[in-house]
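For the record, the sequence lines run as chains A and B. If you read the first sequence in the working numbering, its first letter stands for residue -12, the second for the next number, and so on. If you read the second sequence in the working numbering, its first letter stands for residue 4, the second for the next number, and so on.
Hint data in this document are derived by calculation from the structure and do not stem from the laboratory. Every value quoted in this text rests on a predicted model; they were computed, and no experiment measured them. A virtual CB, placed ideally from N, CA and C, is assigned to each residue, including glycine. Possibly wrong hints are sitting among the right ones.
Calculated cross-link-like contacts (lysine to aspartate or glutamate; reagent style EDC-like; alpha-carbon spacing at most 20 Å) [claimed, not checked]:
1) B/LYS218 - B/ASP352
2) B/LYS290 - B/ASP273
3) B/LYS353 - A/ASP25
4) B/LYS67 - B/ASP186
5) B/LYS412 - A/ASP25
To list a few chain A residues with every Cβ distance to chain B over 12 Å, as calculated [to be verified]:
6) CYS(-8)
7) LEU68
8) ARG76
Residues of chain B clear of chain A, computed beta-carbon distances all greater than 10 Å [what the hints assert, rightly or not]:
9) ASP213
10) ARG241
11) ALA249
12) ARG252
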Amino acid sequence: MRIKCPLCGDRDQREFTYMGHETYLDRPADEGWSPAWDTYLHLRDNPAGVTRDLWYHGAGCTSWLLVERDTTTHDILRVDLARDAKRGRG
Amino acid sequence: MRYSGWQVLKQGLTGNRGWKPAWRDPAPKAEYDVVIIGGGGHGLATAYYLAKEHGLTNIAVLEKGYLGGGNVGRNTTIVRANYGLPGNSEFYSHSLKLWEGLEQDLNYNVMHSQRGILNLFHSDGQRDAYARRGNAMVNQGDDAILMDREACRRMVPYLDYDQTRFPVFGGLYHPRGGTARHDAVAWGYARGADSRGVDLIQKCEVTGIDVENGKVIGVQTSRGAIRAKKVAMCAAGRSGQVAAMAGMRLPIESTVLQAFVTEGLKPVIDTVVTYGMGHFYISQSDKGGLVFGGDIDFYASYAARGNLHAAEHVLEAGMTLMPMIGKAKMLRSWGGIMDMSSDGSPIIDKTHIDGLYVNAGWCYGGFKATPASGHCYAHLIATDRPHEAATRHRLDRFNTGFVMDEEAKGSQHNLH
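Construct all of the structure, not just a fragment, from the sequences and the given hints.
Structure follows, in structure tokens:
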């Protein structure tokens, strides 16, 4: 699998570390423990098909990336900087 | 037909014309007391124990493919009870005891071979951790022997003991651990369940779970609607999709785990060996192939085939530990879909929907759990109370904080 980093270009997957589903972009505002934290940390749609998840380009530009890909085929459909995606969400 | 040496002799002398199919191929009925979604090892075991222990026989096991065509047919066949945490410890101990009587119970040769498992350690800190784990195993009533380097050398002389990075300090030996023939486990349970009246329905994909007023009333399938008083989800890597039919999200992310087999060789590895510094485990099948594996691919996937980085990692670890395997030709590799829970431990529980049960989150360790998973799940379904060996396998433990994080990594999806 190869991932096209917006800053570094087409790179081998070994340079990246998987963090998890894009759920991680929506960190709960609650200070203490609440069901929102359980949802954020644990519960997943776990889709078979197109998903979006966070990858860290540790052996490259050290950016956090939001990668859209197909979990059934290894196809990478789109890669954005997570920073930009997060801004887009307000 | 009861299988025996006498039958083999008799059938052999009469041209082997008397063997019958080991189970029926029934059409689904309109209604069952219990419908089990998933005809893998755990689903078949659940049906078997429901029939045998709880007298429930109006049961259907619905399988979208063929029986045992999922992870029970594609794993590294290791059976062990070497867990340390309360919850897991008693559960896998229960499972190993069931394994030890399984062939007589099922009247089926599952080729359970207690050839022992040697978990190697490579530092003083790891020795302490394994000593602690061994004590936990002994306290649970299972067996564990802490061996030094020379004792390991006598048992498995072919390791590279003098490697400079991760020299072998010793190992924790679990004599009752071993392997079993994975397909035979599914087939044995299928035959046992079928002979007690359970309908095993293949090529029947569940497409919906019907819920009315907070209570499950049946399922929609590719072969029509089936009413059911109770519905038991048991879909391993596909648990996420099955749960979604009931509007549920599970603390599970599915990933790929690869495994590898070499060409058949003469007997060379007579136990199971695991490498403490590389997550590599190896045994030799009865056909002679070296069967080995390592880490998952570490990202969400249903691709059922892995990526090169994980294969490289496994093979490098293997070559570091036992350079002799480099002489064997690798015959094939494959990837199975693992239902990874966020704390690395399984779930056997009721759900918020009355009559709907969940069995999932087996990560990469579901095979050894097959008997206890079925046994405890059947107990839960029949009595609505957890079996005493599975009281901590709760669905709500992630929210309440009672996680079972065996590897002490944190309850986070990408860490297990």
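Evaluation of the provided hints:
no. : hint                : in the structure
1   : B/LYS218 - B/ASP352 : 16 Å, holds
2   : B/LYS290 - B/ASP273 : 13 Å, holds
3   : B/LYS353 - A/ASP25  : 18 Å, holds
4   : B/LYS67 - B/ASP186  : 17 Å, holds
5   : B/LYS412 - A/ASP25  : 17 Å, holds
6   : CYS(-8)             : 16 Å, holds
7   : LEU68               : 19 Å, holds
8   : ARG76               : 20 Å, holds
9   : ASP213              : 21 Å, holds
10  : ARG241              : 7 Å, violated
11  : ALA249              : 14 Å, holds
12  : ARG252              : 4 Å, violated
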